[in-house]
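The residues making up each chain are set out below.
Protein chains: 4
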Amino acid sequence: MPTVLSQFKDIHTFIFDVDGVLTNSQLLLTEKGELLRSVSTRDGYAIRRALQQGYRVAIITGGKSQGVISRFQKLGIVDIYAGIQHKVDAFEEYLLTYDLDPAGILFMGDDFPDYEVLQKVGLPTCPNDAIPEIQAICQYISPIKGGGGCARDVIEKVLKLNGKWVG
Amino acid sequence: MPTVLSQFKDIHTFIFDVDGVLTNSQLLLTEKGELLRSVSTRDGYAIRRALQQGYRVAIITGGKSQGVISRFQKLGIVDIYAGIQHKVDAFEEYLLTYDLDPAGILFMGDDFPDYEVLQKVGLPTCPNDAIPEIQAICQYISPIKGGGGCARDVIEKVLKLNGKWVG
Amino acid sequence: MPTVLSQFKDIHTFIFDVDGVLTNSQLLLTEKGELLRSVSTRDGYAIRRALQQGYRVAIITGGKSQGVISRFQKLGIVDIYAGIQHKVDAFEEYLLTYDLDPAGILFMGDDFPDYEVLQKVGLPTCPNDAIPEIQAICQYISPIKGGGGCARDVIEKVLKLNGKWVG
Amino acid sequence: MPTVLSQFKDIHTFIFDVDGVLTNSQLLLTEKGELLRSVSTRDGYAIRRALQQGYRVAIITGGKSQGVISRFQKLGIVDIYAGIQHKVDAFEEYLLTYDLDPAGILFMGDDFPDYEVLQKVGLPTCPNDAIPEIQAICQYISPIKGGGGCARDVIEKVLKLNGKWVG
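Residue numbers (the working numbering), protein chains in the order written: chain A, 1446 to 1612; chain B, 1446 to 1612; chain C, 1446 to 1612; chain D, 1446 to 1612.
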């Protein structure tokens, strides 16, 4: 039976939810009804690094903010599933598109809409402030909160175990 | 005499104040004098869920920010009383409009303008950082701060007790 | 010799610094170089209340953001000294304009530019996170941080001691 | 062998990274893809003070936000190296331009891109929440987090040791 550490080592693909994972689950409202989200520069650095080292990084989010899409496109992420009602459908489309084995996929989510996908990947993970129901089904709970660098935490683990973090 | 738990179970209507309850009592000022407010995506999820399950959700606020109104309209809330000087008047108008029994209403407020309405509902509640005078008259004080998901906390309680939270 | 409590009771005028007192000493930078500041809705409520009850409220700030000025004008503050290099000059102009006795004035500041004025008022106060040199010369250090409601803390004290806070 | 205290005393030049040092490593995303950063007014005060007292202050950042550049230009910083891929190149260009001795330079960084420059200056420093690899090579770790006033912390130390902080 594989340990969590060996599972981190064999990851080839990272998939992240946005609100509560790559952001801190807060929205800042302008008077015009625009929504602003807070992201971590450290997650950005790690995502770039993972892509440079040949890892796959994808996003599956219920939201459809152009600002969020634009931010993650600039970091180099190509596979961005936005405005998704049923995340498991987007997940399965993604698997098919690239013929991926779910055993090598790390997913990070924080709330109910992530529940089903978390049950289908090899390494289900969540930030420190995910809801209890999500924490209960994850194999790894990051010590870091959503939006505070929790994506970097898991990316760094995988890349370090493969000697690809620094150098 | 009913326990707090049985009171949560019988709630059919949620009413929320905005500043300090659905937001964190901070305002971000732009140089043009625009005001930005911080809300929780988790509250948003729970409000949508409550509406889908047939609960009533209303807002009574002293503010009149178009951004706030637009945010909560998008979540599906129809009854938004904004720019209200005396909240108890809006509250009584709301009761009359839908012929509601106050015993089944949960109100959440954090400051003096909420005082009178809190005394008229079946289940008066507040966030963790409400002022002491408000905490003193509430039957339930959420462990969560204003703007951090305290609305979700009470909605989740009511829906779970009725088997309507997940599924 | 008067106690701090009796000094609070006799206050007729409040003067506040902005950055680090009415805001949290953070600035949010937009890409166009605009600066956004975070203020507390609770301070806003208390300032309105003090003005309604006939207290004087003034602002002396080194900044000159139109957004800040507009925010505090909307709350009803008339005496706003903005873009001030030497705060003690603005303070003395204010005293002269209204023929005020400094013994009945509460000033709240957090940093060096506030040092001199703090030494001239009857009740020098500061937020919890003022710099040590300012804390050392204040007669009252609020338990609340800058921008988190520290102005409300001192206004509430004065108005409560005079039976003018609620009612 | 010099102590850290004597090294602070002999500093003539401060160089700061931006994201995670002069800001809190969070970015606020607008729906149009604009990025907002949070800075400390206390850092701003200290940078102005250092420049007034004849110290050199420079910035070396991987980012190229016009808002950031404009903010620091307004504080009086002339040497701003923005959009830098390899910080050590900008650092060496800066040394050459002013014929500076690295022994008298304090650099503050928080993440991998700062690693190489930190190894070349007399006094390598970092904020409290720098990554472990950076903390490991710094001679001084500020008790303050990035964006919360850590630049002021080191500037204040140097200026106080030279009697140039207040007065």
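The reader is advised that the hints may include incorrect statements.
Given that identical chains are not distinguished, each listed pair holds provided it fits within a single copy or across any two copies.
Here are the computed lysine-lysine pairs in the DSBU-like style, where the Cα-Cα straight-line distance is at most 30 Å [to be verified]: (1) Lys-1590 with Lys-1605; (2) Lys-1477 with Lys-1605; (3) Lys-1477 with Lys-1454; (4) Lys-1519 with Lys-1509; (5) Lys-1609 with Lys-1477; (6) Lys-1590 with Lys-1519; (7) Lys-1565 with Lys-1609; (8) Lys-1602 with Lys-1565; (9) Lys-1605 with Lys-1509; (10) Lys-1477 with Lys-1519; (11) Lys-1609 with Lys-1509; (12) Lys-1609 with Lys-1590; (13) Lys-1565 with Lys-1590; (14) Lys-1477 with Lys-1565; (15) Lys-1602 with Lys-1477; (16) Lys-1454 with Lys-1509; (17) Lys-1609 with Lys-1519.
Note that these hints are calculated values from the structure, not bench results.
Quick rundown of the hints versus the structure:
no.	hint	result
1	Lys-1590 with Lys-1605	both (21 Å within a copy, 25 Å between copies)
2	Lys-1477 with Lys-1605	neither (44 Å within a copy, 35 Å between copies)
3	Lys-1477 with Lys-1454	neither (46 Å within a copy, 37 Å between copies)
4	Lys-1519 with Lys-1509	both (16 Å within a copy, 14 Å between copies)
5	Lys-1609 with Lys-1477	neither (44 Å within a copy, 34 Å between copies)
6	Lys-1590 with Lys-1519	both (23 Å within a copy, 27 Å between copies)
7	Lys-1565 with Lys-1609	both (26 Å within a copy, 25 Å between copies)
8	Lys-1602 with Lys-1565	both (21 Å within a copy, 28 Å between copies)
9	Lys-1605 with Lys-1509	between (33 Å within a copy, 29 Å between copies)
10	Lys-1477 with Lys-1519	both (26 Å within a copy, 13 Å between copies)
11	Lys-1609 with Lys-1509	between (32 Å within a copy, 27 Å between copies)
12	Lys-1609 with Lys-1590	both (24 Å within a copy, 28 Å between copies)
13	Lys-1565 with Lys-1590	within (23 Å within a copy, 34 Å between copies)
14	Lys-1477 with Lys-1565	neither (39 Å within a copy, 34 Å between copies)
15	Lys-1602 with Lys-1477	neither (41 Å within a copy, 32 Å between copies)
16	Lys-1454 with Lys-1509	neither (32 Å within a copy, 35 Å between copies)
17	Lys-1609 with Lys-1519	within (22 Å within a copy, 40 Å between copies)
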